[in-house]
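As they're listed, the protein sequences go chains A and B.
For the first sequence, the residue numbers in my numbering are 1 to 171.
For the second sequence, the residue numbers in my numbering are 1 to 105.
These aren't lab readings, by the way, just hints derived from the structure by calculation.
Ideal placement from N, C-alpha and C gives every residue a C-beta, glycine not left out.
Hints are supplied without guarantee of correctness; some may be wrong.
[Stated by the list, open to error] Only part of the chain A face toward chain B is listed, based on derived beta-carbon distances under 7 Å:
| id | residue |
| --- | --- |
| 1 | G37 |
| 2 | D124 |
| 3 | G126 |
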Amino acid sequence: MSEQPEPIKKVSLIVSKGSLVDVYPALVMGNGARMEGMEASIFFTFFGLGALIKKTQNSLKVSTVGNPAMNMAMPMLKMPITMPFPTLLGAIPGVSNFATWMMKNEMENLDIPTVPEFLEMFTDAGGEVFACKLAMDMFKLTREDLCDQVSSVLTVGEFYEKSAGASIIFT
Amino acid sequence: MTTKDLAGASIEVDGEGYLVDHKVWNRDIATAIAKEEGIDPLTDRHLEVIEFMRKEFDEKGAAPSIRRLNKLNVVPTKELYSLFPGGPAKKAAKIGGLGKPQGCI
Numbered sequence: 001m002s003e004q005p006e007p008i009k010k011v012s013l014i015v016s017k018g019s020l021v022d023v024y025p026a027l028v029m030g031n032g033a034r035m036e037g038m039e040a041s042i043f044f045t046f047f048g049l050g051a052l053i054k055k056t057q058n059s060l061k062v063s064t065v066g067n068p069a070m071n072m073a074m075p076m077l078k079m080p081i082t083m084p085f086p087t088l089l090g091a092i093p094g095v096s097n098f099a100t101w102m103m104k105n106e107m108e109n110l111d112i113p114t115v116p117e118f119l120e121m122f123t124d125a126g127g128e129v130f131a132c133k134l135a136m137d138m139f140k141l142t143r144e145d146l147c148d149q150v151s152s153v154l155t156v157g158e159f160y161e162k163s164a165g166a167s168i169i170f171t
Numbered sequence: 001m002t003t004k005d006l007a008g009a010s011i012e013v014d015g016e017g018y019l020v021d022h023k024v025w026n027r028d029i030a031t032a033i034a035k036e037e038g039i040d041p042l043t044d045r046h047l048e049v050i051e052f053m054r055k056e057f058d059e060k061g062a063a064p065s066i067r068r069l070n071k072l073n074v075v076p077t078k079e080l081y082s083l084f085p086g087g088p089a090k091k092a093a094k095i096g097g098l099g100k101p102q103g104c105i
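With the rest of the complex left out, here is chain A (with noise of 0.2 Å):
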């Protein structure tokens, strides 16, 4: 007989990053821990603050430069999976809006909700949502720019005292 390992009761999250599929992993990943009965905070930090401030979070957009996995998209245009995307395409006006409104339709048919109906999803189920005052410092940002979701600005030290017991994840 093995020992049954022990489940995880709690996650705190990291988003550093700011472009639209940078913030959804963790959205996805808490918003899945409080369904399984977890504690979940997502800390919001650096670029990822875009996430959380009233005039960006409905804007934020697909990288289509740097990312040698672009060809996994191609799927969503009917073509193969194989055929890449060289990033200089990417770079093209335009071409990171329509990437954007591409996802954000396949999204929508998954039944995946927008960046700021996610939050607020997320917090109705328990979630904490943490907003890093280092970066908001930083991009000379007040807690009126944030969204209502946010239940708190915290230091570092900070994050660590909540995340007490929890599995720390940088996504």
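Following the hints, position chain B against chain A.
Frame of chain A; chain B shown alone:
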């Protein structure tokens, strides 16, 4: 597959205790599963949510997501979590005699 004694009947369940056939479900079975899941009593409000989920399952072949339950004004997400603490989608599906939810959201 194993069978389990629920509300005085022998019911077929899978390895995690979800009913194999959702058609054998009734309110007494729901109450018995709910008790095992720590939900006691199972109120009319619980049953309202569960019966809506069962109806959608019959029509669409899958239980509605938490988001859908919220959007259709069946039950707000906050309330759903307080009705079924510790995993609302799974618990409601289990008590409702439906299979384990397959969605990630």
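The hints, checked one at a time:
Of the supplied interface hints, the one on G37/A holds, with its beta-carbon coming within about 4 Å of a beta-carbon of chain B, less than 7 Å. Interface restraint check: D124/A against chain B, minimum CB-CB distance 4 Å, threshold 7 Å, status holds. Because the beta carbon of G126/A sits about 6 Å from the nearest beta carbon in chain B, less than 7 Å, this interface hint is met.
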